[in-house]
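A.B. asks: Following the hints, put chains B and C in place on chain A, whose structure we already have.
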Amino acid sequence: MSLNILAVDDSRTMRDMLKLTLGQAGFTTHLAEDGEDGLAVLENLDPEPDAIITDINMPRLDGFGFIEAVRKINRHRGIPILVLTTESAQELKTRARNAGATGWIVKPFDPEKLVRALQMVTG
Amino acid sequence: MNTPNDPMAEIRATFFVECEELLESLQDGLQSLENGETDDETINVVFRAVHSIKGGAGAFGLEDLVEFAHKFESVLDAVRSHELAPDSAVLAVLFQANDMLNDLVFAARNGDDIDKARSARILETLATYIDSEDASDDDVPDFTPMTLTLDFDENSDEDPADPKALPPLAELADTADGMALPESGTSGHDKTQDGSPLNGFVIRFEPQDSLFASGNEPLYLLRLLSEMGEMSTFCDASALPSLKGLRQEKAYLAWEIILETDEDESTLREIFDFVEDVCTLTIKPLEHSDILAMETRQSAKRKSIGKKPSAGEDTQQSSPKAEPPANETDNIPAPEGQPVPAQNNPAVVPADNKPAPNRPKASKTKPTVRVDLGRIDRLVNLVGELVINQAMISQSIQEAGLQANPEIDNGLNEFMQLTREIQDSVMMIRAQPVKSLFQRMARIVRETSADVGKTVQLRTEGETTEVDKTVIEHLADPLTHMIRNAVDHGLETPQDRRAAGKPEEGIITLAAEHRSGRVIIELSDDGAGIDRPRVLQKAIEKGLAPENAELSDTEIDNLLFLPGFSTASEVSNLSGRGVGMDVVRSAIQSLGGRISIHSVPGKGTTFTISLPLTLAVLDGMVVEVAQQTIVVPLSTISETLMLTPDVIRSLGTGASVVQIRERFVPLLDLGAEMGFRAPLESYVGMVVLLISLEDESQMAIIVDMIRDQRQVVIKGLEDTFGRVPGVAAATILGDGKIALILDPVDVVENSGTGDTDIPTNLSLAG
Amino acid sequence: MTDSTENLQTNEIELLTFRVGDQEYAVDIMSVREIRGWTSATPLPHAPSFVRGVINLRGTVLTIVDLSERLGMGTIAVRERNVIIVVQTAGQNIGLLVDAVSDILSLPLSALQPPPEVPSAGSNSFVSALTIVKDRMVRVLDLNSALPCEPLEAT
Chain A
1 MSLNILAVDD
11 SRTMRDMLKL
21 TLGQAGFTTH
31 LAEDGEDGLA
41 VLENLDPEPD
51 AIITDINMPR
61 LDGFGFIEAV
71 RKINRHRGIP
81 ILVLTTESAQ
91 ELKTRARNAG
101 ATGWIVKPFD
111 PEKLVRALQM
121 VTG
Chain B
1 MNTPNDPMAE
11 IRATFFVECE
21 ELLESLQDGL
31 QSLENGETDD
41 ETINVVFRAV
51 HSIKGGAGAF
61 GLEDLVEFAH
71 KFESVLDAVR
81 SHELAPDSAV
91 LAVLFQANDM
101 LNDLVFAARN
111 GDDIDKARSA
121 RILETLATYI
131 DSEDASDDDV
141 PDFTPMTLTL
151 DFDENSDEDP
161 ADPKALPPLA
171 ELADTADGMA
181 LPESGTSGHD
191 KTQDGSPLNG
201 FVIRFEPQDS
211 LFASGNEPLY
221 LLRLLSEMGE
231 MSTFCDASAL
241 PSLKGLRQEK
251 AYLAWEIILE
261 TDEDESTLRE
271 IFDFVEDVCT
281 LTIKPLEHSD
291 ILAMETRQSA
301 KRKSIGKKPS
311 AGEDTQQSSP
321 KAEPPANETD
331 NIPAPEGQPV
341 PAQNNPAVVP
351 ADNKPAPNRP
361 KASKTKPTVR
371 VDLGRIDRLV
381 NLVGELVINQ
391 AMISQSIQEA
401 GLQANPEIDN
411 GLNEFMQLTR
421 EIQDSVMMIR
431 AQPVKSLFQR
441 MARIVRETSA
451 DVGKTVQLRT
461 EGETTEVDKT
471 VIEHLADPLT
481 HMIRNAVDHG
491 LETPQDRRAA
501 GKPEEGIITL
511 AAEHRSGRVI
521 IELSDDGAGI
531 DRPRVLQKAI
541 EKGLAPENAE
551 LSDTEIDNLL
561 FLPGFSTASE
571 VSNLSGRGVG
581 MDVVRSAIQS
591 LGGRISIHSV
601 PGKGTTFTIS
611 LPLTLAVLDG
621 MVVEVAQQTI
631 VVPLSTISET
641 LMLTPDVIRS
651 LGTGASVVQI
661 RERFVPLLDL
671 GAEMGFRAPL
681 ESYVGMVVLL
691 ISLEDESQMA
701 IIVDMIRDQR
711 QVVIKGLEDT
721 FGRVPGVAAA
731 TILGDGKIAL
741 ILDPVDVVEN
751 SGTGDTDIPT
761 NLSLAG
Chain C
1 MTDSTENLQT
11 NEIELLTFRV
21 GDQEYAVDIM
31 SVREIRGWTS
41 ATPLPHAPSF
51 VRGVINLRGT
61 VLTIVDLSER
71 LGMGTIAVRE
81 RNVIIVVQTA
91 GQNIGLLVDA
101 VSDILSLPLS
111 ALQPPPEVPS
121 AGSNSFVSAL
131 TIVKDRMVRV
141 LDLNSALPCE
151 PLEAT
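Chains as they are written, first to last, in the numbering used here: chain A, 1 to 123; chain B, 1 to 766; chain C, 1 to 155.
Hint data in this document are derived by calculation from the structure and do not stem from the laboratory.
Some hints could be false.
[Stated by the list, open to error] Away from chain B, derived, C-beta distances all over 12 angstroms, residues of chain C: (1) N11; (2) E12; (3) D22; (4) D28; (5) E34; (6) A41; (7) V54; (8) I76; (9) A77; (10) V78; (11) R81; (12) S106; (13) I132; (14) D135.
[What the hints assert, rightly or not] Distance windows between CB atoms, simulated: (15) A:E43 x B:P433: 26 to 36 angstroms; (16) C:M30 x B:D6: 50 to 60 angstroms; (17) A:L45 x B:D264: 36 to 46 angstroms; (18) B:E639 x C:H46: 46 to 56 angstroms.
Where is the CB? At the ideal position from N, CA and C, for every residue including glycine.
Just chain A, same shape as in the assembly (with noise of 0.2 angstroms):
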C-alpha cells in the first residue's frame, strides 16, 4: 500500500535518505525541517498523512513539543508518529511516549524495518 508520509528532520541528510527510502518502498514524502515546519506542513496536508517520521533534536520546536502540538489538534489525535532517534536510551523513549510518540526508530535506521515499522503503525 502506498502510504503519505510527512517527515520532520532538520537534517538535509536524513531528509534525503528518508524521501529516498520511503520513495523506494513507494511512499509519498513530504519533508518539513524542523517541529515548526512539520506543524505547517500538516496543516496544509489534506488528507492527512497515514503516518509522520519525526526527529527529536530541532532548533525551534524539538520533536517532544511537536508531537505534543499534533496531538492536541483534534483531527490528528490518532495519527501514528515514529520518532526518529540516535538514542536507544528509555528515558528518550518515555519521553517520546510521554508527548504522545507511537512509536521509535533508532538511527541509522535501516531502511527495511523503517518501512515495516510505517506499515505495522498505519495497518
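C.D. replies: Only chains B and C this time, still in chain A's reference frame:
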C-alpha cells in the same frame, strides 16, 4: 560529481556539505560560549550540530566519526543540562574536540587516515567530563551502521511490564466475569488432543489508556500477529463499563491470544515493541491446555454476546477475534479521534499550538540547491561569452553606420542591461561569505598559539562579507601563513607583554569588508610591531639592501616581502616551512590582489589585502596606448584628466609630474612602460588616469585616449603564459581581439618611478 | 587521415609539414588541434621576442609563437598566407606562426632518422628527427623543447 543513479552517493555528498554547515554553527556556537553567551539556545545549537553529524555519520558507517561525535555530544549534553559549566578549561577541550571533529569529517570525506592517537587523546579528555553512568546509558553500539535492531533482549531487560506479569490465561478464566466459563468437550480441534509439542505462544495483551493516546492501534498489532501463524483470539471485555460510562480515550479491552507459529518469541515481541510500555503483555509458550481453554471461552463468549448485544459492538475498541485481516478493516469503524471530513472543517489549531516565537539564532535555513561547481563555472563562462557577444553586436551596429533607430537602441540597451543582470546574478551564485575561511583561521590561531605557548584571542569582523568562492579558496594558504606569522612573530611572549604593560593575551583581528568594488581583508596583531633596525640589518646582510641604505619605515617594512628575506634564524619550529612573505605576496597577486603592511612599534602590525570580488568579470576603462587597446580596472582609477601644458612640470631628469589641485603626481608613460614605444617628447593633449595606490599615494598613467567604459570578462593569461609584469589578465573585446587588462599598481612598482614606497633598487631585487 | 589510428598500429606516422623561411618542418599530426589563418596578435609587454602575442581562439587566450624567430631565423614578416598551427603540448594549446602549410605525409616510422650530432645547438636542438621526402629534408619538430612546458615567461 555523482552520477544521478547513485542516490546514496548523492546523499553522502549532501551529508558532507551539511557537515560543513554544522561545523560552522558548531564553531560559531563555541565562539559565542567563549564570549559568555551561555544561553540555552546557543548550547542547543552546539549540541545539535554534533548530534546531527553523529546521526548522519552513523548512516554511512563512519564509525570513527560516530564514536568521536558521540563522546563529544555527551559532554555537550552535560553542558546543556547544566551539569557542566562551560568555563575556559571546558571550552578549551570543546574547541579541541571541535578541531578534531573537523579533521574526522574531512578525513571521512576524503578517505584519509586519521590521527588515531590524537583522537584517542581527546576522547580520553572528553571522557573525564562524562560521569560513567551517562556514558554507559546510551552506548555507542546503537550506531552500528544500517543495523537498526529493535533489540528484544535489551528491551526485555528494561520492560517495565514484566514485574506485573499476569497469571496464565487458564487461571484467568475463573476471574473473567463469567464470560469465559470452562465448557468441556468442544468441537474437535485435533491439536488439543495431540500429545506432540506445540509451537506457539499464549499472549495476553492488555492496552493501557496511553496506548491509544500515542496513536497505536491494537487491531494492527493483532493483524500482524495473525500473519505469523494460526491465531485465535479472545477479547476480554470484562472491564467495559456500561455505554454511558464509556470514555473514548480509555482502554477497556484486553485480548487473549493463542498463536501457533514457528517464529520465536523475539520476533513476536518485536510487534509489541512500540507498545510494551503502554500495555501489559505476557507471553508464554503454548501448551495443549491453553488451546482447550481458549475454545471454551470463545464458545462461552458467543453465548454471552447473544445476551448482551450492545456490549462491544458500539465501541471503537471492540476488536473481534482474528479473522482474515482484509475483512476486519472494513468492519471496523474509524476511531473517534479520526479526522472529520477535512474539506468542511479547516483544521482549527488551538492557540497554544501556535509556533513559538522565533529564536534569532535558530532562524530557519533558506531552501537551497546543491549545484556542482563545474556547472556554475560553465555558466560563468557562457555568460562571459554572452557579454563579449553583446559587445560585438553593439560594435557591429555602430560600425554599420545605421541611421539612429530608437528601437534598435532601446533593444540594445535592454540587452546590455539584461546581460549585466545575468552576469551579476551568476556571480552571486559563486559568492560566499568569508566566514568559513575565518573559521579555519581561528583554528590556526588556536593551534599555533598552543604550539608557541602564547594566549591569543582571535577577533573577527565582517564575516558575512561575500567573495567569489575561488578567491576564498586561494586565500586560505597565504592567510594561514600570515596568521602563523602573526602569532609566532607578531605577538610578544606573555612575559614581554607583561613587561610592556599589555595584557598577556594577545589579540589578532581578522576583518573583511567591501570597499570600492574590492574586498579588503585586514589582519592585525597588537604585538610589538616590526623591529625595523633588525629587519634592515638582515636585509643588508643578505644583500637585499645596500649597506648604509637610508630607507623610510615603509620601505623597511616592505623588505619583508622580498624573495630571499627569510627570518629563519629567529623562527621557531613553526616557520621552517620555507614559505616567506614573498610567497604570500605572489599568491595574493596571482588573485589580482595586493598586500600592504603597516606597523607601529609597540602597538602592532596590520597587513591589508585588497582583492577583486570575483575572478570572472571586471568593470574596466578601455583605453588606447600606442595603437594597443588596454583595459584598466575602473576600481583603480580615481580620476581622469587631459594633459594641458600648464599642469605638466618637468623634474629635469626626464621625469615629469602633473599638478592636480595642490598635489604633484608623478607621470608614467604607459606606452613606454609596456615597451610599445619610446617615451614621447610631449604628452600634451594626452589623457592621464589617476591611480590610487594602496598606500594612498597616487600615480598618473598616461594613455593616448579613452575609448569606452564597460564590463569585461577576465581571461587568465597565466595558464598559457605565466605572469606578465604590469598585466593582470586579458579580455576579449567586441571585435574579437584580445586586450590586456592592466595591473596599474604592478606597472608602477615595476617602473621604479616616482614616489611609490618601493625603492628602485629593491623592486629590482626580485 | 581517416585511417591514422590504423597507421599508428602499423608503425606509421602522419606528419603535417610546413615551411618556416626556406626550411621544411613537420609535427606529428596527433598534436595538431587546428590550422587557422593569421589574425593580428595582441603583443605582450616584456615578452621574449619569439612570442608574437596572444589571440582569441574561440573565447580562450592563445599564445602565438613565431617559429622562425624561435628557430633563430628572424621574425616572420606576416603576410596573408601565413598560418597559425594550433598544437597541443604539455596539456596546453600554443599557436605556431609559420610561413605556410605544405602537406600531410604518411611515413613508416623507420623513415625517420635521428638528427645528426651537430655541436652547435642552434635550431637543431628543437628537432627530434629528420626524414627525406622527394629530395627535401623535413625536420620533425620536438614540440616539448621548442615550446618549453614552463610558461614562456618574461624575464
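A.B. asks: Examine each Cβ of chain B, and state whether all of them lie more than 12 angstroms from the Cβ of D135 of chain C.
C.D. replies: For D135 of chain C, whose nearest Cβ neighbour in chain B is about 38 angstroms away, the distance exceeds 12 angstroms, so it holds.
A.B. asks: Quick check for students: does the CB of E34 of chain C sit more than 12 angstroms from each CB in chain B?
C.D. replies: holds (16 angstroms)
A.B. asks: Take a quick look at V78 of chain C and tell me if its Cβ sits farther than 12 angstroms from every Cβ on chain B, holds or violated.
C.D. replies: For V78 of chain C, whose nearest Cβ neighbour in chain B is about 15 angstroms away, the distance exceeds 12 angstroms, so it holds.
A.B. asks: Classify the label on I76 of chain C as holds or violated, using whether its beta-carbon is more than 12 angstroms from each beta-carbon of chain B.
C.D. replies: Consistent with the label, I76 of chain C stays out of reach of chain B, its closest Cβ about 20 angstroms off (over 12 angstroms).
A.B. asks: Verify the CB-CB distance for L45 of chain A and D264 of chain B against the hinted window 36 to 46 angstroms.
C.D. replies: holds (39 angstroms)
A.B. asks: Hey, is R81 of chain C genuinely clear of chain B, shortest beta carbon separation above 12 angstroms?
C.D. replies: holds (21 angstroms)
A.B. asks: Evaluate the condition: distance from the CB of N11 of chain C to the nearest CB of chain B exceeds 12 angstroms.
C.D. replies: N11 of chain C clear of chain B: closest Cβ-Cβ about 34 angstroms, beyond 12 angstroms.
A.B. asks: For S106 of chain C, is the shortest beta carbon distance to chain B beyond 12 angstroms?
C.D. replies: Non-interface label on S106 of chain C holds, nearest chain B Cβ at 31 angstroms vs cutoff 12 angstroms.
A.B. asks: Find the nearest Cβ of chain B to the Cβ of D28 of chain C and say whether that gap is larger than 12 angstroms.
C.D. replies: It holds; D28 of chain C is separated from chain B by about 21 angstroms at its closest Cβ, greater than 12 angstroms.
A.B. asks: State, for the Cβ atoms of E639 of chain B and H46 of chain C, whether the hinted interval 46 to 56 angstroms holds or is violated.
C.D. replies: violated (28 angstroms)
A.B. asks: The output says I132 of chain C does not contact chain B. Does that hold with a beta carbon cutoff of 12 angstroms?
C.D. replies: holds (35 angstroms)
A.B. asks: Is the Cβ of A41 of chain C more than 12 angstroms away from each Cβ in chain B?
C.D. replies: With a cut-off of 12 angstroms, A41 of chain C comes too close to chain B, as the shortest Cβ separation is near 8 angstroms.
In this structure, the earlier hints numbered 6, 7, 16 and 18 are contradicted, and the remaining ones agree with it.
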